[in-house]
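Construct all of the structure, not just a fragment, from the sequences and the given hints.
Number of protein chains: 2
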Amino acid sequence: MRSFTFQNPTKLIFGKDKISSLAHEIDKNKKIMITFGGGSVKKNGVYDQVKQALQGFSTVEFWGIEPNPSIETLRKAITLGKAENIDFLLAVGGGSVLDGTKLIASAIPSQYDGWDLVIGKHPIEKILPFATVLTLPATGSEMNAGAVISKHETQEKFAFTATHPQFSILDPTVTFSLPPYQIACGIADTFVHVIEQYLTKTNESPLMDRWAEGILQTLIEIAPKIKADTHDYDTMSTFMLSATMALNGFVAMGVTQDWCTHMIGHELTALHGIAHGETLAIVLPGTMTVLKEQKAGKIRQLGERVFNIKQADPQDAITQTIAQTETFFRSLGLKTRLSEHGIGQDTINEIEKRFTARNVCFGENQNVNGALTRKILEQVL
Amino acid sequence: MRSFTFQNPTKLIFGKDKISSLAHEIDKNKKIMITFGGGSVKKNGVYDQVKQALQGFSTVEFWGIEPNPSIETLRKAITLGKAENIDFLLAVGGGSVLDGTKLIASAIPSQYDGWDLVIGKHPIEKILPFATVLTLPATGSEMNAGAVISKHETQEKFAFTATHPQFSILDPTVTFSLPPYQIACGIADTFVHVIEQYLTKTNESPLMDRWAEGILQTLIEIAPKIKADTHDYDTMSTFMLSATMALNGFVAMGVTQDWCTHMIGHELTALHGIAHGETLAIVLPGTMTVLKEQKAGKIRQLGERVFNIKQADPQDAITQTIAQTETFFRSLGLKTRLSEHGIGQDTINEIEKRFTARNVCFGENQNVNGALTRKILEQVL
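Chains as they are written, first to last, in our numbering: chain A, 720 to 1100; chain B, 720 to 1100.
Note that these hints are calculated values from the structure, not bench results. Mixed in with the good hints there might be a few duds.
Which copy is meant is left open, because identical chains are indistinguishable; a pair holds if it fits in one copy or across any two.
Each computed DMTMM-like pair below joins lysine to aspartate or glutamate, with the alpha-carbon atoms no more than 20 Å apart [what the hints assert, rightly or not]:
#1 735 to 791
#2 801 to 1035
#3 735 to 923
#4 762 to 1071
#5 762 to 1035
#6 920 to 940
#7 920 to 953
Following this line, the structure appears as C-alpha cells:
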C-alpha cells in the first residue's frame, strides 16, 4: 500500500427537505453571493427553497454559470463579488456551478486574474468559505477540493485545486426532474471517476478495490432502474450518494491513480463542447484497449468482480470486459465513438499536438503522452 | 435511504515512518500531554520516534492508561493536565489510550468530575484539541468522536461522545510486534463494528451495504495471512486501514444501526474483564440466532455476498451464515462461548437486572431489553 494523507472536512447534509437547514449552517453576519446556472432551479422549486431558508440574510445573486464554466463568465462574478464585499459563497446547481464557485471564492480575495489561478501562474493565497446545494449528481465537486474551468478564447479546459466546501446539501428529490441525458452523463462520470482510481495497479489496497467495485456494482444495478423511473427516492438517493463517494477521496487511499481518460476527455469538451460524461464514455474503452497489457490485472479483476465475467482465457476475459464497459455506456444512451460526433483525424491531430507541446505524461505509469493519446483516440474513431 | 448528516474532519496520515511528521502537525506553542498505556511503545520503538519528532516541544508524559481505561486512572491524568496547563493532547497507543485521552481532553477544561461527563450528568462544554499515534488497529477511535470508559468501583462501562482527533498517524510497521491475541481481538472488533451498522434492515443504502461487505470480505481474506505472518507490510496496512474505515462513519450513511452486541459485550468486560473483541465474538452469534427472523434479509445477504453461501432453503442459509460467523471468530483463535470463560447464569441474571433497571432498548428495532438479552446470552452459554 502506498503512503497517503487523507482529510475531507465537508459536512454532508443528506435527505429530503434538507435545503431548509441552510439557515442554521451559515453565519447571519455573512454577505452571501448565491451562484446559479441557467435557471432550472426556478422550475424545480430549489430556488424558492433556498430563498425561503435564507430570509433575513444579506444575499446577492449571480446567474448564468454555464456547463463547463468559463473564465469569461466567472470574471463577471468575481468583479461583482469584490464590489459587494462578499465573504461567503453558496453554489446552487450542478458540478459546473460548484466548480465555477470554487474559482470565484479563490479569486475574490486575490489581486490576480482568475485564469492565472487556474493555470497556477499565481498561487491561491486565500479562499472565501463556500457551501453547496447540489442539483445534479456527477462531478463529486460537492465533497472535494477540485474544479475544472474552461477558457473559450483559447478553447482550453484545465483542472485546479481550491478547497473543500464547508457543507453540501444533497436532497435527492431535486434530481427527479433532471433530463435523461444529464443523468446518463452523471452516471458515466461517476463510473469513470472510480475507474481512474481503480483501473491501475493490482493489490495496492484491497479494501479500496472492494469499495471502488462497490460503487461500480451499485451504478450498474441502479442504471436501468433510473432509466425506468427518475422519481424513485431510494434509487435517486443511491445515485446521488454514489456520485459523491466516487470522488471525495474515500476510494483513493493507498492506490495509484490514472486520470488520462479525463485529461483526454477535457480536450474533446474544449474543442467540440461535448458533455463531459459523454467524452469519458468515448475515451475509456480506447484507454482500456491501448493499455490492456499494462492494466491487464485490474481489467480482469473488474471483469470478474463487477461484470461477473469468468473466462478461462485471460485475453478473452480482457476483451469481454472492455466490450462490457462500452456496452454499459451505450445502455445509458450515450455515444461511444468519435465519428458519432462527426470527429475525425483533425481533432486527433490537434490533441496530439497540444499534449506534445505541453509535454504531458498521464496515467499510473506516466506514459500517456501525445503519441499514445493518438492511439487511444484512433481506437474509438 | 434514511436522511443523515456526515462529517469527519480527522486528518489521516498513513504509512511507514510517518511518526516523524508529528513535528509539522502540532503548533510549537502548545503545552502537550502525551498519554501512554503500559509501556509496549518503549519496546517497539514508537516512544523513541515520538520523542525524537517532538524535540523542542514542551511535553508532559502520562503513563498507565490500562485496557478498558478506567475513570480511576484517568482522574490522575486530568489532575496533572490541569496543574500543567495542558492545551494539547497526544495519545500514543491502542483504542484504550485513545478513548481515555478523549475523556482527559474533555475533562481538563471542565469543572465537573470526568465520570459525570461520561454518563451525561453534565455536558461537555469544551474539548482540548488532541491527536493520536495508533499502535493497535481495532476500535476506530483514531477517526471517530466516541470513547468507552470503565468505572472499577461499580464494575460499569459506558460509551460517550467527545470529538474527532485533529489528526491520526497510522504507521503499519508498529503493528508487527503485536501479540496474536490482541490482533485477533482487533479483527473481531473491526468485524463486529461493521456488522452493527450492516446487519439490520435491507435495501436502505445499497452502496453502504457494498462497502460494509467490502470490509468484511477483506477481513476474511487477510485474517489467515496475518496469522501466518504479522510482519507483512501490505497485509498489516490493509488490517489497519480496515479497522479505521469500520468505525469512522463511512459505512453508516443512510442506514439503521444496531449496537446491541456491543452493549452486551461491554457488560461482560465490566463484570469479568474479558477483552472487548472476544466479548463480541461470544455475543454476536447469540444476537444473530435470537434475532434471526428480524434480521433474516440481511443475514441472507451476508451469507451470500460475504461467506459465499448459496443455499436454496432460506432457513438453511441463515443457520449456515450464523455458523460461519462463529467459525470465523474461532479461526482467529477466540473463544465464542460464555462457559469457556467460566461464566454462567449468575452473570446473565446480573446483566438482565442491569438492563431492566436502566430500561434499555437496543438494536435496530429498539427491542433488545433485559429479557431479550437473557435469551441472547443463554444461546451462547
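Checked hints:
no. : hint        : result
1   : 735 to 791  : neither (35 Å within a copy, 46 Å between copies)
2   : 801 to 1035 : neither (59 Å within a copy, 68 Å between copies)
3   : 735 to 923  : between (38 Å within a copy, 15 Å between copies)
4   : 762 to 1071 : neither (42 Å within a copy, 57 Å between copies)
5   : 762 to 1035 : neither (49 Å within a copy, 53 Å between copies)
6   : 920 to 940  : between (25 Å within a copy, 19 Å between copies)
7   : 920 to 953  : between (34 Å within a copy, 14 Å between copies)
Of the numbered hints listed earlier, those contradicted by the structure are 1, 2, 4 and 5.
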